[in-house]
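With the hints as extra help, turn the sequences into a complete structure.
Protein chains in written order, with our numbering: chain A, 329 to 441; chain B, 13 to 156.
Keep in mind that a hint or two might mislead.
Listed next, with one range per pair, are the computed distances between beta-carbon atoms [unchecked claim]:
id, chain 1, residue 1, chain 2, residue 2, range
1, A, Leu398, B, Gln106, 21 to 27 Å
2, B, Arg152, A, Lys403, 16 to 22 Å
3, B, Gln16, A, Leu330, 32 to 38 Å
4, A, Asn334, B, Glu84, 46 to 52 Å
5, B, Glu84, A, Glu418, 27 to 33 Å
6, A, Gln358, B, Asp100, 52 to 58 Å
7, A, Thr362, B, Ala108, 24 to 30 Å
8, B, Pro107, A, Thr362, 49 to 55 Å
9, B, Gln131, A, Glu377, 36 to 42 Å
10, A, Gly401, B, Leu17, 48 to 54 Å
Keep in mind that the hints were calculated from the coordinates and are not lab data.
Just so you know, even glycine gets a beta-carbon here, dropped at the ideal spot from N, CA and C.
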Amino acid sequence: MLIEKNIQRQTLTLNLQGELDMNTSETLRQAIDTEIERRGIRTVILNLEEVSFIDSSGLGVILGRYKKLLPMGGKMIITNVPSHIYKIMELSGLPRIIEFENTPSRKMEGREK
Amino acid sequence: MKNQLELTFTSLPGNVGIARMLIASVAAQLDLALSDIEELKVVISEAVSNSIIHGYKNKEDMPITLRIEYDEKKLKILVRDQGCGIPDIEQAMQPAYSTDPERMGLGFVFMQSFMDDLQVESTVNEGTTVIMVKELENIRPSKH
Ligand SMILES: Nc1ncnc2c1ncn2[C@@H]1O[C@H](COP(=O)(O)OP(=O)(O)OP(=O)(O)O)[C@@H](O)[C@H]1O
Ligand SMILES: [Mg+2]
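Encoded structure:
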């Protein structure tokens, strides 16, 4: 898992690349938690465009970071999810909890109109 | 069953990815669609991760056995650990149930949704075996 960090004011954008499983999700957890605690980050944008795999361990870490941000008045946005990853996320119920931007279904809706 | 593979590996987190590669190779050989390959990677990831995280409490030098059997009609995946076992299997398999507050309790949900049959055998202090079957007849391209 490669994590590219970008910080602007209180917004942390992470471009993730690779597989998000029990072996790599700990790195993501630390990357986000450190910035929340050290720099007072309140908005986390996760760009999943280059993520090739996700399972429950990855989903758990994402939801956990969201739950940590919430009581601080923070928020999380997940963007550019590849369609096969989005299917797994949908089954987990995450899109009903966290804000998604530029999801495969929305792209398709756009095309139909 | 026409082909059988069995692999015993150490409970290292990095081996979850190796187990995924193995099932992806088998699925590719069976000409399964990409979406089916993705699902099989998820179920194997869930079963092996559970053995490492729950069965062995992240102890890294314990044995996990992965057995894959298949023919044109069905694919069977078995994952076995000799870990702590599950006291109440029915409860453990409930959606969103987890003994770890940081986890979502999704592993068995994915295994159940993506496979046609899921059996869990477990004995406390002896270990857990997960057996999953995917029927291939309706999802493989027919070659007539
Ligand atoms: N191999 C195993 N050995 C011991 N306990 C297990 C094993 N597999 C599952 N369990 C128990 O069953 C529960 C449910 O498993 P499941 O995979 O559905 O959720 P989880 O692992 O807790 O969370 P997630 O899979 O979303 O990360 C676990 O919390 C654990 O208590
Ligand atoms: Mg699990």
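Here's how the hints hold up against the structure:
no. : hint                            : in the structure
1   : A/Leu398 - B/Gln106: 21 to 27 Å : 25 Å, holds
2   : B/Arg152 - A/Lys403: 16 to 22 Å : 44 Å, violated
3   : B/Gln16 - A/Leu330: 32 to 38 Å  : 36 Å, holds
4   : A/Asn334 - B/Glu84: 46 to 52 Å  : 49 Å, holds
5   : B/Glu84 - A/Glu418: 27 to 33 Å  : 31 Å, holds
6   : A/Gln358 - B/Asp100: 52 to 58 Å : 33 Å, violated
7   : A/Thr362 - B/Ala108: 24 to 30 Å : 29 Å, holds
8   : B/Pro107 - A/Thr362: 49 to 55 Å : 32 Å, violated
9   : B/Gln131 - A/Glu377: 36 to 42 Å : 38 Å, holds
10  : A/Gly401 - B/Leu17: 48 to 54 Å  : 52 Å, holds
Violated hints for the displayed structure, listed by number in ascending order: 2, 6 and 8.
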